[in-house]
Amino acid sequence: MLDAPDKAPLAVLRFIKHRTMGKLSVASQHNTRTADSGLSHTTPPLDGPGVVWLDGQADALAAWHERAAAVGLGKPRRDAVLAVEMVISASPSWFAAATSDEVADWTRRGLEYARATFGPTNILQAVRHDDEETPHIHVLAIPLEQKERARAGRPRKGREGAKRAAVTSWGLNADRIVGTPEKLIEHQTAYAAEVADLGIRRGRPKRETKAQHKSAAAYRAEAAHDRAEAAKVLEAARTIEADSTRRKGRIQRIEGEARAGADAFTKGLDAVEQGELVAAPRMSSGLAVQSVERPVLPPQMTQEFGGWLSNVRPYLKALVGYAKRIAGLAEREEVLKQREAEVARQAEALERVAARAAWAESAKTPHDAPRPARDDYHTIAAIVAQSEFADPPGSRSPRGRPQGRDRADER
Numbered sequence: 009m010l011d012a013p014d015k016a017p018l019a020v021l022r023f024i025k026h027r028t029m030g031k032l033s034v035a036s037q038h039n040t041r042t043a044d045s046g047l048s049h050t051t052p053p054l055d056g057p058g059v060v061w062l063d064g065q066a067d068a069l070a071a072w073h074e075r076a077a078a079v080g081l082g083k084p085r086r087d088a089v090l091a092v093e094m095v096i097s098a099s100p101s102w103f104a105a106a107t108s109d110e111v112a113d114w115t116r117r118g119l120e121y122a123r124a125t126f127g128p129t130n131i132l133q134a135v136r137h138d139d140e141e142t143p144h145i146h147v148l149a150i151p152l153e154q155k156e157r158a159r160a161g162r163p164r165k166g167r168e169g170a171k172r173a174a175v176t177s178w179g180l181n182a183d184r185i186v187g188t189p190e191k192l193i194e195h196q197t198a199y200a201a202e203v204a205d206l207g208i209r210r211g212r213p214k215r216e217t218k219a220q221h222k223s224a225a226a227y228r229a230e231a232a233h234d235r236a237e238a239a240k241v242l243e244a245a246r247t248i249e250a251d252s253t254r255r256k257g258r259i260q261r262i263e264g265e266a267r268a269g270a271d272a273f274t275k276g277l278d279a280v281e282q283g284e285l286v287a288a289p290r291m292s293s294g295l296a297v298q299s300v301e302r303p304v305l306p307p308q309m310t311q312e313f314g315g316w317l318s319n320v321r322p323y324l325k326a327l328v329g330y331a332k333r334i335a336g337l338a339e340r341e342e343v344l345k346q347r348e349a350e351v352a353r354q355a356e357a358l359e360r361v362a363a364r365a366a367w368a369e370s371a372k373t374p375h376d377a378p379r380p381a382r383d384d385y386h387t388i389a390a391i392v393a394q395s396e397f398a399d400p401p402g403s404r405s406p407r408g409r410p411q412g413r414d415r416a417d418e419r
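Just so we're aligned, residue 9 is where the sequence shown starts under this note's numbering, counting upward by one.
Treat the hints loosely; a few may be bogus.
[Claimed, not checked] Below, simulated DSS-like cross-link-like pairs (lysine-lysine); rule was C-alpha separation at most 27 Å, straight line:
| # | residue 1 | residue 2 |
| --- | --- | --- |
| 1 | K31 | K191 |
| 2 | K256 | K240 |
| 3 | K31 | K83 |
Hints listed in this document are in silico derivations from the structure and should not be mistaken for laboratory results.
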């Protein structure tokens with residue numbers, strides 16, 4: 009049965025035919041949990057027994073022989089159905105919400121329906137299983153029927169036998185109970201009517217749903233396969249989640265390092281612009297920090313700037329070069345200022361010499377003309393010595409006299 013559209017709990021009723029004594033014995037041992045195998049799917053509950061005894065005997069096979077002997081049942085046909093098993097249950101959702109009294113009432117009604125179907129004296133064994141996921145009832149019964157049958161035997165060959173009187177006897181007749189699809193449909197409808205006031209409804213007929221019943225072994229095998237596949241999917245999902253977490257942590261770590269490096273790099277550039285971070289002296293390599301009015305870098309080169317050095321090491325060379333260029337421009341600017349001052353002083357001395365020479369020429373009195381001051385001679389000698397036409401310092405003329413600055417010093 010499939011769930012109804014309103015998802016109401018559904019009645020479950022199923023029949024199983026047993027055609028051999030061996031199958032009847034196996035079913036009896038399974039239902040009483042005395043079998044040596046096939047019980048791995050059961051889990052005894054903590055608050056009660058896993059098997060609740062309802063009717064019949066512990067050995068259904070022995071009960072069958074006792075009942076057959078009591079009614080004088082002859083040897084069954086080879087293809088006869090020896091016993092019929094009825095399985096009664098409901099949707100798991102009903103048991104999840106039901107009280108213990110409601111479960112007891114449902115059990116009583118299910119047993120009464122089985123007795124009405126097979127006959128009270130034909131019940132071989134009836135138990136309720138509470139050690140599986142959904143409680144259910146197993147009822148094993150012998151399908152006996154008493155009716156009039158023609159006396160056994162036949163007339164001799166060539167003679168017309170007399171009409172034999174019918175006798176009443178017992179026989180096996182499972183068709184009377186589950187012989188046709190219509191009878192099975194009637195059972196589904198009748199049982200659902202018995203438990204309707206408990207909130208259990210009949211499902212859609214199999215003819216409409218086209219559903220196929222699966223054996224318990226096949227269902228458990230499929231369920232185990234589904235659980236294994238679900239476990240694989242869950243493990244894969246956990247692996248993906250762990251990998252995603254690692255990747256996310258790595259991304260966050262890289263992002264944090266990048267932000268810290270960018271902040272430190274910006275502070276480093278600001279320090280270079282402000283003059284706090286300059287090229288180190290020629291005897292050492294790298295950068296040097298000097299005091300400024302408004303410092304940008306943390307005091308004593310704290311861990312923040314140290315982190316910048318480790319995170320942006322590829323850019324350190326360019327930054328050092330930039331600082332050196334700025335420092336070089338400042339040095340060159342200072343040198344140019346000094347040279348401009350020197351040139352101005354030299355130009356002033358030359359102007360004084362030229363003025364005296366012009367005055368002496370105009371007066372035509374070379375003996376009385378004022379001579380240049382001693383400092384002016386030294387200034388002119390220094391200018392000549394530094395010019396590109398002066399002889400190198402320390403060189404001598406062919407006559408052995410000093411040239412350039414040395415000659416000027418002799419004067």
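Consistency of the hints with the structure:
no. : hint         : result
1   : K31 to K191  : 24 Å, holds
2   : K256 to K240 : 24 Å, holds
3   : K31 to K83   : 18 Å, holds
Violated hints: none; the structure is consistent with every hint.
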